[in-house]
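Using the sequences and the hints, build the whole thing.
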Amino acid sequence: MTNTWLILQFSSCSQALVYCNESLVSGRLDALVGNLVPTADCYPDRAFLFAFLLASRLFIKPHDLLGQISSRCQVQMQDSHKTETDELCGSAECMAQQLTHIELERLSYIGAEEFVQTFAIQTPLLDPSYKDPRITTNYEVYLEWSTRLKRLVITDIVRHIKSKKQRVRIVEYWVDTAKECFNIGNFNSLMAIIAGLNTVPVSRLKRTWCKSEVTEQFTILDNQMSSLENYASYKALLRAAAARFNKDDKRLCIVIPVFTLLAKEIHNLCDQCLQKLPNGHINFEKFWQLAKHMTEFITWKQIHCPFPKTAKVITYLQATPVLNDEGALLASFDCEPPQTDYEKDLYEKLL
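According to the numbering used here, the residues represented by the sequence shown are 1215 to 1565, in order.
Don't take every hint at face value.
Below, simulated SDA-like cross-link-like pairs (lysine to any residue); rule was C-alpha separation at most 25 angstroms, straight line [to be verified]:
| no. | residue 1 | residue 2 |
| --- | --- | --- |
| 1 | Lys1526 | Asn1538 |
| 2 | Lys1364 | Asn1444 |
| 3 | Lys1364 | Leu1238 |
| 4 | Lys1478 | Ser1322 |
| 5 | Lys1364 | Ile1316 |
| 6 | Lys1364 | Pro1551 |
| 7 | Lys1515 | Thr1529 |
| 8 | Lys1523 | Lys1420 |
| 9 | Lys1464 | Glu1510 |
| 10 | Lys1449 | Gln1503 |
| 11 | Lys1478 | Cys1467 |
| 12 | Lys1523 | Asn1397 |
| 13 | Lys1449 | Asn1460 |
| 14 | Lys1526 | Ala1326 |
| 15 | Lys1364 | Ser1441 |
| 16 | Lys1420 | Leu1565 |
What follows is a list of derived Cβ distance ranges for each label pair [as the list claims (entries may be wrong)]:
| no. | residue 1 | residue 2 | range |
| --- | --- | --- | --- |
| 17 | Pro1276 | Asn1397 | 44 to 54 angstroms |
| 18 | Gln1380 | Gly1325 | 41 to 51 angstroms |
| 19 | Pro1551 | Leu1466 | 42 to 52 angstroms |
| 20 | Ile1375 | Phe1521 | 26 to 36 angstroms |
| 21 | Leu1357 | Asp1436 | 13 to 23 angstroms |
| 22 | Leu1442 | Gln1282 | 41 to 51 angstroms |
| 23 | Ser1240 | Thr1509 | 44 to 54 angstroms |
| 24 | Pro1276 | Glu1354 | 15 to 25 angstroms |
No lab work stands behind these hints, which were simulated from the structure alone.
All C-beta atoms, glycine included, are put in the ideal place defined by N, C-alpha and C.
This is the structure:
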């Protein structure tokens, strides 16, 4: 069989990566290092990362490799500031669909046993021999994704330091995206976006919000996901979505629960499973309840996302740099100077 060879040239240097039948077979060291850094067009897969990091120490010292990656990331971060999220994706509906792709893919990796093991690790009541932190990786990665999305929303808004008009536009875009996530049934992305808009760096931008035309819409969504009465409104929405769930109807096949709340509910059931009956028997009714919840979750996470997939947007959402808490606050104060005594004190502590 004749092999098809393809050589990809990096625009920033003269190095090349050589592929055969879409599989990487060789390359210059600089090009391979460059392939480690995510871009808006490319996200390195796990197989490449493992293979390169395993054997690269034969050609480059680990600390030198880290230095090169850090330098490339700084360049990538500078370039990312030129990317406008709403221009990259277009409509808020499209953005909500791409977020749903990410949610379902990451959910698909999580095994039911990870919930039980996470509970086991956290409870002091269980024998240490039953605790295995090695099988909770996908669970932890999913939690990190939710945090990342919240920080992406914050970063996307406060990075427009000199343009209030741009900030208003981005706020409106993310509120519209939250509404589309609500319509789809993607409650986890919805909650992360709402959380990002509610953080101090964004919520304090009074001059930005007063110009926005989506304040009322945001308030409605915020109330739907409110923590009042133990998230009663959200739980009613989730029950309604679960009741009309139909895996064969693309309008009704998506149910993505708020992961932290799902995990809390599962952990509560695990705790009840630990409580034996007065006669010393294991309470198997609680086992049934736990299994019922997990079966429903497994059904939801196995759904194939029915929307068109835009790889460039998905890569951007997962790879573009985001600000930490301190950086976001400083950027927010650069957007609109501190007004209250509390804000002024907070600003001084950050400097």
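Now the hints, each set against the structure:
{"no.": "1", "hint": "Lys1526 to Asn1538", "verdict": "holds, 24 angstroms"}
{"no.": "2", "hint": "Lys1364 to Asn1444", "verdict": "holds, 21 angstroms"}
{"no.": "3", "hint": "Lys1364 to Leu1238", "verdict": "violated, 35 angstroms"}
{"no.": "4", "hint": "Lys1478 to Ser1322", "verdict": "holds, 19 angstroms"}
{"no.": "5", "hint": "Lys1364 to Ile1316", "verdict": "holds, 14 angstroms"}
{"no.": "6", "hint": "Lys1364 to Pro1551", "verdict": "holds, 23 angstroms"}
{"no.": "7", "hint": "Lys1515 to Thr1529", "verdict": "holds, 21 angstroms"}
{"no.": "8", "hint": "Lys1523 to Lys1420", "verdict": "violated, 36 angstroms"}
{"no.": "9", "hint": "Lys1464 to Glu1510", "verdict": "holds, 18 angstroms"}
{"no.": "10", "hint": "Lys1449 to Gln1503", "verdict": "holds, 17 angstroms"}
{"no.": "11", "hint": "Lys1478 to Cys1467", "verdict": "holds, 24 angstroms"}
{"no.": "12", "hint": "Lys1523 to Asn1397", "verdict": "holds, 18 angstroms"}
{"no.": "13", "hint": "Lys1449 to Asn1460", "verdict": "holds, 19 angstroms"}
{"no.": "14", "hint": "Lys1526 to Ala1326", "verdict": "violated, 31 angstroms"}
{"no.": "15", "hint": "Lys1364 to Ser1441", "verdict": "holds, 17 angstroms"}
{"no.": "16", "hint": "Lys1420 to Leu1565", "verdict": "holds, 22 angstroms"}
{"no.": "17", "hint": "Pro1276 to Asn1397: 44 to 54 angstroms", "verdict": "holds, 47 angstroms"}
{"no.": "18", "hint": "Gln1380 to Gly1325: 41 to 51 angstroms", "verdict": "holds, 42 angstroms"}
{"no.": "19", "hint": "Pro1551 to Leu1466: 42 to 52 angstroms", "verdict": "holds, 48 angstroms"}
{"no.": "20", "hint": "Ile1375 to Phe1521: 26 to 36 angstroms", "verdict": "holds, 34 angstroms"}
{"no.": "21", "hint": "Leu1357 to Asp1436: 13 to 23 angstroms", "verdict": "holds, 22 angstroms"}
{"no.": "22", "hint": "Leu1442 to Gln1282: 41 to 51 angstroms", "verdict": "holds, 50 angstroms"}
{"no.": "23", "hint": "Ser1240 to Thr1509: 44 to 54 angstroms", "verdict": "holds, 47 angstroms"}
{"no.": "24", "hint": "Pro1276 to Glu1354: 15 to 25 angstroms", "verdict": "holds, 24 angstroms"}
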